[in-house]
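S.K.: Each chain, written out:
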Amino acid sequence: MDVLKIATAGSVDDGKSTLIGRILYDTKSLTTDKLEAIETRSKANGFDYLDFSLATDGLVAEREQGITIDVAHIYFSTKTKSYIIADTPGHVEYTRNMVTGASTSQASIILVDARKGVIEQTYRHFFINNLLRIKDVIVAINKMDLVDFSESVYEEIKADFQSLIGKSSYKEQHITFIPVSALQGDNVVNQSENTPWYTGQTLLQHLEELDAQDVYEKSQARFPVQTVIRPKKTEFHDFRGYAGKLYGGDFSVGDEVTIVPSLTVSKIKEIYFFDQKFETVGRGSSCVITLENDVNVSRGDMLVKSSEKPRLEKQLEATVCWMDGSSLTPDSSYYVQSGSACVLSKIKHIEGSIATDFSEKDISKNKLDLNEIGRVKIQLSKPLAIDSYSKNKASGSFILIDAQTNATSGVGFVE
Amino acid sequence: MEVLENKIVPSIEDSSCLQKIEVGHLESEAIYIFREVVAQFDKPVLLFSGGKDSITLVRLAEKAFYPGKIPFPLLHIDTGHNFPETIEFRDRLAQELGVELIVRNVQDSIDQGKVVEEKGRYASRNSLQTTTLLDALEEFKFDAAIGGARRDEEKARAKERIFSVRDDFGQWDEKNQRPELFDHLNGKIDLGQNVRVFPISNWTELDVWSYIQKENIEIPSIYFAHKRKTFVRDGMIWSAEDAIVHREEEELVEERMVRFRTVGDMSCTAAVLSNAITIDKVVSEIRESTISERGARIDDKRSEAAMEKRKQQGYF
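Same order as they appear, the protein sequences are chains A and B.
Here the first sequence stands for residues 1 to 415, where the numbers follow this note's numbering.
Here the second sequence stands for residues 1001 to 1316, where the numbers follow this note's numbering.
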């Protein structure tokens, strides 16, 4: 069955956890014992309704404060698909969680409170969906029950949001608007009788029709070598297999491949998955590849088709989202990790920070603080094979690892 | 030769069951994670309990490194309260694979006075495992411990990373976790720290069972329905055969057709009524089940935050 990963974003009290709880409840994904726990807790908190947000808020601090702190993963399935929801907190200070959740998602749900309309937070959420190039964005206009299911309120919010789309840098993005009440279940799984003016699909109907293909999308084939397999067995005496996961496109036996960054050329001899050999391997697959000649390949190298070589750069220009409490400053050292390659680097230039509300009011400064996004020039100690993020998500993204603390401090999207 | 899609090769029997294809996607992810562990750490170990999740891990590890052998040992933290079927199974599997099996006993930690047995009618050695586990990691200087925990099991686990960094005391700092973006896994740690790795984080219970079915993986017999002498307490069915759970006199023993959905410590693992004697029947039973897997684990029922607390102290 196909797996669709969805990121959710909303501000505090937009009802995001409630929406997820509602989806779980209406798709009958909540088991009896979990439902009982929610009933008990709802009563204890003095609610006369079921507080579905209790289904997702996992940490003690979250339940106490009634907010989501960290990305939670929620699983449910229908007859046609398996779903993984990355429930990401919407507070300003938690941008890093939103970027994290969105990085592994094919689709995204942005919640808007019908009473408040499009607010600065909505801009920021959309900006991140844009930056990460999430293919499908669903704008769920929630709490419609609190505005009497008014069509004009819905249309107004929709128009406000559409003015943002004009500023988007990712024109192919598919955006859908749905009026919902997560608390009462309108247009979440079941069609609402309260919105006769809305003829579109419910949230779940829409999700059911989305393409659940690999997050990394179709592009040129990229095979970062994770490890070399050399069995010490007599029947595989001379075996030298390159283990990795293939991104972007297919590989077939006989394809001429170039090993980057060394630029050595060879041909694919065999493709293994466990104890079977295959003619072709499709994108998204972990497999083992052997080559015709005895070439020097190790972790950090990437196999590509000779006709589709990536850029080989010693200097990177990228949009970076900063995720560390200590700021990113010029001349600091970080590891750049992309695919299986990890090289030491020095920050040459920072152009921060980009206004994430489409206001174009960028703040001119040469550092990046937690949750800020900016353009950064990075000097690498060794050449790295890369692509533009817009062309290839796997080889166009990287993480920055603090050489002192080992923290994952930022994520970069190659220009 | 056939074409290998990101979902594993569809064979004739695959087309009869929709569930299997999705495991292919998850399988690719799990194999990727195993290879990252071996590439990024000096001394990984696979935590093996003899349960279905760790048996699944072993199969995935086999696939990740074929035609090479599994390049790390298995470690079992034995509470001394394991189902005998599981222990027998564990020893046989390790031998067949030719993989080193290390066993460390909670009883030793008790004898050394490092932990004290719990008291009361639900006394369990489940949480005592943590000390034995941390000591074993220290003893062998393991820097990565691979486990079969899944995010769908429990709310605190839903927040867990694939590479979860633990400090010298094995503690989980849930508010200060490393972000994990795309497939980029950061395995850099300081000396003394170690990482817990969860290759099947994104699998659900049904995914695991479907995989066991598709791959025809052998699992201990207690997972299948069998006749067992049991008694009922607090609405749950407990095994009366092993004298690990202390039975009160008024709790009547009756033979029931049961199976176990998890095979944790006997003292905290209840059975469920079942007629599922084959893997196919188990899979259909899970698909229709309305009670979660950990619903039969009394250790999670202690309080709403039971798992979060145990994890902060270094539990899996």
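Hints may contain errors.
What the hints assert, rightly or not - Simulated crosslink set (SDA-like; lysine to any residue; CA at most 25 Å straight-line):
#	chain 1	residue 1	chain 2	residue 2
1	B	K1063	A	S168
2	A	K232	B	R1092
3	A	K233	B	P1071
4	A	K382	B	K1141
5	B	K1281	A	T32
6	A	K81	B	S1284
7	B	K1043	A	T32
8	A	K365	A	F236
9	A	K34	B	E1285
10	A	K232	B	K1281
11	B	K1063	A	F236
12	A	K391	A	L164
13	B	K1043	A	R240
14	B	K1063	A	K365
15	B	K1063	A	K382
16	A	K233	B	Y1066
17	A	K81	B	K1188
18	A	K391	A	D294
19	B	K1043	B	K1229
20	B	K1141	B	E1205
Don't read these hints as lab results, they were simulated from the structure.
S.K.: Could you run down the list of hints and mark each one as holding or not?
M.R.: Consistency of the hints with the structure:
With a CA separation close to 43 Å, the supplied pair K1063 of chain B and S168 of chain A exceeds the 25 Å bound. For a cut-off of 25 Å, the pair hint linking K232 of chain A to R1092 of chain B stands: about 23 Å separates their Cα positions. Between the alpha carbons of K233 of chain A and P1071 of chain B the distance comes to roughly 13 Å, so the proposed pair stays at or under 25 Å and holds. With a CA separation close to 32 Å, the supplied pair K382 of chain A and K1141 of chain B exceeds the 25 Å bound.
A hinted pair counts as satisfied when its Cα atoms are at most 25 Å apart, and K1281 of chain B with T32 of chain A qualifies at roughly 21 Å. For the hint pairing K81 of chain A with S1284 of chain B, the CA-to-CA distance comes to about 17 Å; that is within 25 Å, so the pair holds. At most 25 Å may separate the alpha-carbon atoms for a hinted pair to count; K1043 of chain B and T32 of chain A exceed this at roughly 42 Å. Note on K365 of chain A and F236 of chain A: the hinted pairing is violated, with a Cα-Cα distance of about 58 Å set against a maximum of 25 Å.
Distance restraint check for K34 of chain A and E1285 of chain B: the Cα-Cα separation of roughly 18 Å lies within the 25 Å cut-off, and the hinted pair is therefore satisfied. Between K232 of chain A and K1281 of chain B the CA atoms are separated by roughly 40 Å; this puts the pair beyond 25 Å, and the hint is violated. Our distance criterion of 25 Å between C-alpha atoms is met by K1063 of chain B and F236 of chain A, whose separation comes to about 16 Å. The straight-line distance between the Cα atoms of K391 of chain A and L164 of chain A is roughly 24 Å, inside the 25 Å bound, and the hint therefore holds.
Restraint check for K1043 of chain B and R240 of chain A: satisfied, since their Cα atoms lie roughly 22 Å apart, inside the 25 Å limit. Note on K1063 of chain B and K365 of chain A: the hinted pairing is violated, with a Cα-Cα distance of about 50 Å set against a maximum of 25 Å. Between K1063 of chain B and K382 of chain A, the direct Cα distance comes to roughly 33 Å. Violation of the 25 Å bound is thereby established for this hinted pair. With a C-alpha separation of about 11 Å, the suggested pair K233 of chain A and Y1066 of chain B falls inside the 25 Å cut-off, and the hint holds.
Straight-line distance between C-alpha atoms of K81 of chain A and K1188 of chain B comes to about 35 Å, which puts the hinted pair past the 25 Å bound. Proximity of K391 of chain A to D294 of chain A is assessed by CA-CA distance (about 31 Å); at most 25 Å being required, the pair is judged violated. With a C-alpha separation of about 43 Å, the suggested pair K1043 of chain B and K1229 of chain B falls outside the 25 Å cut-off, and the hint is violated. A distance of roughly 32 Å separates the Cα atoms of K1141 of chain B and E1205 of chain B; the hinted pair therefore is violated under the 25 Å criterion.
The structure is inconsistent with the numbered hints 1, 4, 7, 8, 10, 14, 15, 17, 18, 19 and 20, although it conforms to all the rest.
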